[in-house]
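J.: In terms of the UniProt record's numbering, the sequence shown has 247 at position 247, counting the first letter as 1, and numbering is strictly consecutive.
In short, the hints are calculated from the structure, not lab data.
The C-beta atom is built at its ideal place from N, Cα and C for all residues, glycine as well.
All the given hints hold, so there is nothing to weed out.
The calculated label-pair distances, taken between Cβ atoms and stated as ranges, are: (1) Glu283 - Lys79: 26 to 32 Å; (2) Gly216 - Arg90: 17 to 23 Å; (3) Val2 - Gly226: 30 to 36 Å; (4) Ala202 - Pro87: 36 to 42 Å.
Here are the simulated DSS-like cross-link-like pairs (lysine-lysine), alpha carbons at most 25 Å apart as the crow flies: (5) Lys293 - Lys38; (6) Lys266 - Lys212; (7) Lys60 - Lys38; (8) Lys212 - Lys260.
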Amino acid sequence: MVVTLLDTRVSPFGMRVRIALEENGVKYEYSEQDLRNKGPMLLEMNPVYKKVPVLIHNGKPICESLIAVQYIDEVWNNKSPLFPSDPYQRAQSRFWADFVDNKRGADDLERRRLTWQGQAPYQESKPKKAGEETKKEANKGASAQAQSKNKLPGKTKPLETSTGNRSPITTPTGKQEPETPRPLVYFPGRKTWTKKGNELEAGKNGLIESLKLLEGELGDKPYFEGDKLGYVDVALIPFYSWFHGYETFGNFSIEAECPKLIAWCKRCMQNESVSKSLPDPQEVYAFLVERRKKLGLE
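Construct the entire structure; sequences and hints are all you get.
T.: Have a look at this one:
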């Protein structure tokens with residue numbers, strides 16, 4: 001059995017795979033990749049995304065970090081299974097790990113909002129010839145009138161959701177759908193060190209909102225799945241090494257906003273599989289400083 005991991009040390013996604021391998025006692029060969037000059041092995045093993053991490057097991061690549069963690073749990077779970085035994089709890093674990101990783105973001109939410117409002121986001125309109133009218137435009141007034149008849153004014157109560165006081169989205173049929181949580185950790189966190197001004201503030205606020213939601217899901221449990229390190233913990237804990245950079249460039253304190261979550265981070269670090277896999281926060285910070293210089297922010 002030959003196991004190789006193509007990775008970069010500061011990648012939070014690669015850290016997940018390293019934690020899972022360490023947690024299950026899997027011996028592997030680590031291969032540091034230069035993402036500015038991608039080597040032939042990385043391009044061969046991940047020809048679609050061309051990114052790390054890539055877990056290679058007996059010559060076969062497994063790409064995408066959460067998929068790789070699930071693979072490790074299925075193949076080598078005799079020592080320390082990461083998923084609960086109950087199917088429903090496993091589904092919940094996948095949901096929250098997906099929330100951490102969700103790449104749809106606020107742009108997707110805005111597209112949905114504009115679509116439901118009868119607009120066409122991100123489409124350039126072409127100049128029309130004189131007298132030209134599409135069937136869609138001809139039926140626009142009738143469609144809007146039909147939609148207004150379907151609405152039930154005064155009978156729909158806004159739903160309270162864990163996303164705060166934002167209004168729910170109203171579909172053209174009058175049905176209100178609660179606004180989906182502004183997702184994840186990585187993308188709003190990224191704005192704290194790649195953006196300035198309002199965009200930075202939006203990223204900071206989005207990050208805090210997501211972390212508070214995760215903190216609420218953690219509750220008073222030692223770990224997300226219960227009494228031991230599990231799948232959601234492995235998905236989220238790598239970002240702890242990035243928190244210092246987020247806080248420094250964003251000028252805020254995650255511990256002040258989410259004290260229970262930081263206590264959970266410190267608890268996770270007591271696991272050798274985690275402490276061995278996460279780089280020092282100063283190493284990540286130095287990496288971010290270099291990236292900011294290339295972006296002209298330093």
